[in-house]
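Taken in order, these protein sequences are the chains called A and B. Start counting the first sequence at 201; every next residue gets the next number (this note's numbering). Start counting the second sequence at 161; every next residue gets the next number (this note's numbering).
Please note that the accuracy of each hint is not assured.
Which residues of chain A face chain B? A partial, calculated answer using Cβ under 10 Å [as the list claims (entries may be wrong)]:
hint, residue
1, G249
2, T260
3, T263
4, C295
5, G338
6, C340
7, N375
8, G377
9, A378
10, V379
Worth flagging that the hints you see were computed from the coordinates, not collected in a lab. Don't be surprised by glycine CBs; every beta carbon is placed ideally from N, CA and C.
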Amino acid sequence: MKKSIRRSALVVCAAASALGLAAVPSSAVPSTVWTVSPSPAAFKAVNVGNIVLTATIPMTCTTSTAAGTMASTTGNPGDVADITTMNFGASGSPCTSVLGNVTTTSITPWDVIAVDYTASTGVTKGYVGNVKANVTAGACKFTVTGQASGTYTNSTGILAINSTAGELTVTNPVNCGAVVTTATKPTFKGNYAVTVASTGAIPTIVGSNP
Amino acid sequence: MKATPAAAPRPSRARARTTSIAAFVVLAALVPTTATASGTQEVEAELPYVCTLPSGQLPATVRVSADFPERAGAGEAFTPSDVTTTVELPAEAVADLTARDAAEVRAATRLTVGVAQNSATATATWRGESEPVALPGSGPLTLVARGEVPSVAGRSDGDLTFSAGALAIDLALGAAGPATTDPGSLTVDCALAEDAPGQGLLATVPVGTDEQAPSGSPSSPGPAESSGAPEGDGAPDAPGDRRPERQSERSPKVLENTPGAAADRDDVPPCRYDEQHPPTDVSLNAYITGYANVKKMKGAAYLPPSCVLIEQGLPVPGPPDPEYLIFDTVSYANFHYRERKQTPPFEATFLSFDFAPVKATMVLEQTGPMRIDSRMKIRLSDFTTITDTYVRAPLVLHVLDLEVNGTPLDVGSGCRTETSLTSADPDPANFPGDHLVLYGRGEQIVGLPATGYLLLSGGALSGEVTIPAFTGCGSDGEDLDRLLTASVSGPGNYIKQVQGQTCAIAAPVFPSPENEGQCTEDLQPYEIPVAER
Chain A
201 MKKSIRRSAL VVCAAASALG LAAVPSSAVP STVWTVSPSP AAFKAVNVGN IVLTATIPMT
261 CTTSTAAGTM ASTTGNPGDV ADITTMNFGA SGSPCTSVLG NVTTTSITPW DVIAVDYTAS
321 TGVTKGYVGN VKANVTAGAC KFTVTGQASG TYTNSTGILA INSTAGELTV TNPVNCGAVV
381 TTATKPTFKG NYAVTVASTG AIPTIVGSNP
Chain B
161 MKATPAAAPR PSRARARTTS IAAFVVLAAL VPTTATASGT QEVEAELPYV CTLPSGQLPA
221 TVRVSADFPE RAGAGEAFTP SDVTTTVELP AEAVADLTAR DAAEVRAATR LTVGVAQNSA
281 TATATWRGES EPVALPGSGP LTLVARGEVP SVAGRSDGDL TFSAGALAID LALGAAGPAT
341 TDPGSLTVDC ALAEDAPGQG LLATVPVGTD EQAPSGSPSS PGPAESSGAP EGDGAPDAPG
401 DRRPERQSER SPKVLENTPG AAADRDDVPP CRYDEQHPPT DVSLNAYITG YANVKKMKGA
461 AYLPPSCVLI EQGLPVPGPP DPEYLIFDTV SYANFHYRER KQTPPFEATF LSFDFAPVKA
521 TMVLEQTGPM RIDSRMKIRL SDFTTITDTY VRAPLVLHVL DLEVNGTPLD VGSGCRTETS
581 LTSADPDPAN FPGDHLVLYG RGEQIVGLPA TGYLLLSGGA LSGEVTIPAF TGCGSDGEDL
641 DRLLTASVSG PGNYIKQVQG QTCAIAAPVF PSPENEGQCT EDLQPYEIPV AER
């Protein structure tokens, strides 16, 4: 029951993102000054609901965690955080697919890049950049690189990653046959709850143009 | 006092073989026994335990209830009944489970019960299974497991005591919704707390009273025989109906290989590539274990964990389909035991023709490669994916040793089924010839974990097999072919095998906090699967 609800939430979230793409509120503006609170600070992130990675076939991770540092910055796009640890799956809860269990080893740092900010909602739009991860399922191995679009909401502390096809690419597929090739367009979708490592508080990101 | 069976006494040779079983206690697995004692004592013991969970050691309360006879005759087998093991795990343990994304849990318990009489001891495993229960939002988790337990017979006079020992709890985790799937399992080991009352004593059953005196006994046991000399499955008859009791005393030990518990690594044959079998970059290895029913014998043989070396195939596009994206993969595999393509030897004991205990030691030998066909179908409408896998294995059943009624029979070196075990193949045109077919399905709804059987991560495979006639059995002019064929061969034998997670030699995943282990450091399969019924 619990899972069904989570799944629905994921779908709703994806739908909302799609809506956001279709009609970007006029108040979402590119910002050049990014104020992160607290700054600088270490953060950690834990998945809320399952994470779905897709490389032709979907893969589900019931556990995923991230950690890194965040800091205020200037410029657009603005690099507001570095993800130095990015885990998919854990001992006892591997990521699964119909191919079999999938092991993902992230090559960090990944970056959290802020682009637009909507003051009325406190939502930052941007992407997770410098994504690189080695993926294995049995003898099948490949590397995923690129970026994944997402949003960060100050009121909830949710980093919602909802990559679109084409943002991530596959390189060096080995023993994956026709399932994963260099033409495969992987996706990365899921929500993470972000907290300040030292306090457990929800950090905020505010964009402005002084 | 005991009665000697009317049948001819077993040769001492047979007796010697049974010394590994405790001196005076028979742990019977399959044959129902009846306690003749008049009264019943209802026992309920509440015992403190310490359980090791992912978050650490936590106190737990275990209640064991069972009905025992008030007393029993020497040599009289009885079975504790209405056995219930109730485990109360604290809220911290629940948090450990919810952290694994579990919403409900089903438990299988394995309680080690020490059975003692005078100075002799034996150990029984009391297994229980619970119904699925939802994980509570707060407070402790109570698991109520019930199951049948082995029967016991006190060999001589004196109190027979039953004491609870180590408890293992296999937790199958799941979510409550019908569309959701199994997020994994967890085995929790629990030890009796040091301050447990009576050191875990559950019950005391006095054995040997005036009830015995089997006036109908055909012969009186000699002192040497009744003195407690090791004679495991040769426990004496109870008074009364001689024949059924004789069955029970030589009860099959089909289940004595402790199925239900993962075997220790020391107990399973090695499973690694070597110079004779060098790995390629698509090489995998895995253990497989399970049961094979023998319908005629009304019993099941336990196949201990066996090593399989697999060459993983590359998926190719399958037939075009408007609704599905399809990929087909063909992989090949071989059993691997001491450089032979066979299982390790396994033992099974059955009651042939309902009365004669037959103990056979067997191996399954390949007569050709095992072929594994997997078809992955991705439904384009919702990306639900299904993988159907057929394992086709030409396997003859080779009988190495045979004992009938406790008497070893020389089967010779070439005693085997005439052909491979055979199954009805779903695609006979493309897969002619005699072979066993096992089938498994894996499935994944987008956003949920994959469930079921998948070649890489394992799971349960099942099938139905016909056992062909036997040939080459017997020596010195004694033809045992017909005996075996009459008692074993035939159709409708259900097989269920559980494969563990594979280890990919060229891309090994070792256990770590981040990763579920797939390989040991020396590239053997990390997971030793547990047989399921």
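>> For the restraint on A/N375, tell me whether the closest CB of chain B is nearer than 10 Å.
In response: 5 Å, holds
>> Tell me if the interface restraint on A/T263 is satisfied: Cβ within less than 10 Å of some Cβ in chain B.
In response: 7 Å, holds
> Can we keep the A/G338 interface hint, with Cβ of chain B closer than 10 Å?
Replying inline: The hint holds - A/G338 has a Cβ within 10 Å of chain B, the shortest such distance being about 4 Å.
> Does A/A378 pass the interface hint, meaning its C-beta sits closer than 10 Å to a C-beta of chain B?
Replying inline: 5 Å, holds
> Taking 10 Å as the limit, does the beta-carbon of A/G377 come near enough to a beta-carbon in chain B?
Replying inline: 3 Å, holds
> Would the hint on A/G249 stand, with a C-beta cut-off of 10 Å toward chain B?
Replying inline: Hint on A/G249: holds, closest Cβ of chain B at ~8 Å, below 10 Å.
>> Just to be careful: measuring from the Cβ of A/V379 to every Cβ in chain B, is the smallest value less than 10 Å?
In response: 5 Å, holds
>> A/C295 was flagged as interface toward chain B. Is the shortest Cβ-Cβ separation under 10 Å?
In response: 8 Å, holds
> Once the shortest beta carbon distance from A/T260 to chain B is found, is it less than 10 Å?
Replying inline: 5 Å, holds
> Is the interface hint for A/C340 satisfied, with its Cβ closer than 10 Å to some Cβ of chain B?
Replying inline: With a closest approach of 8 Å, the A/C340 hint holds.
Every hint from the earlier list agrees with this structure, and none is contradicted.
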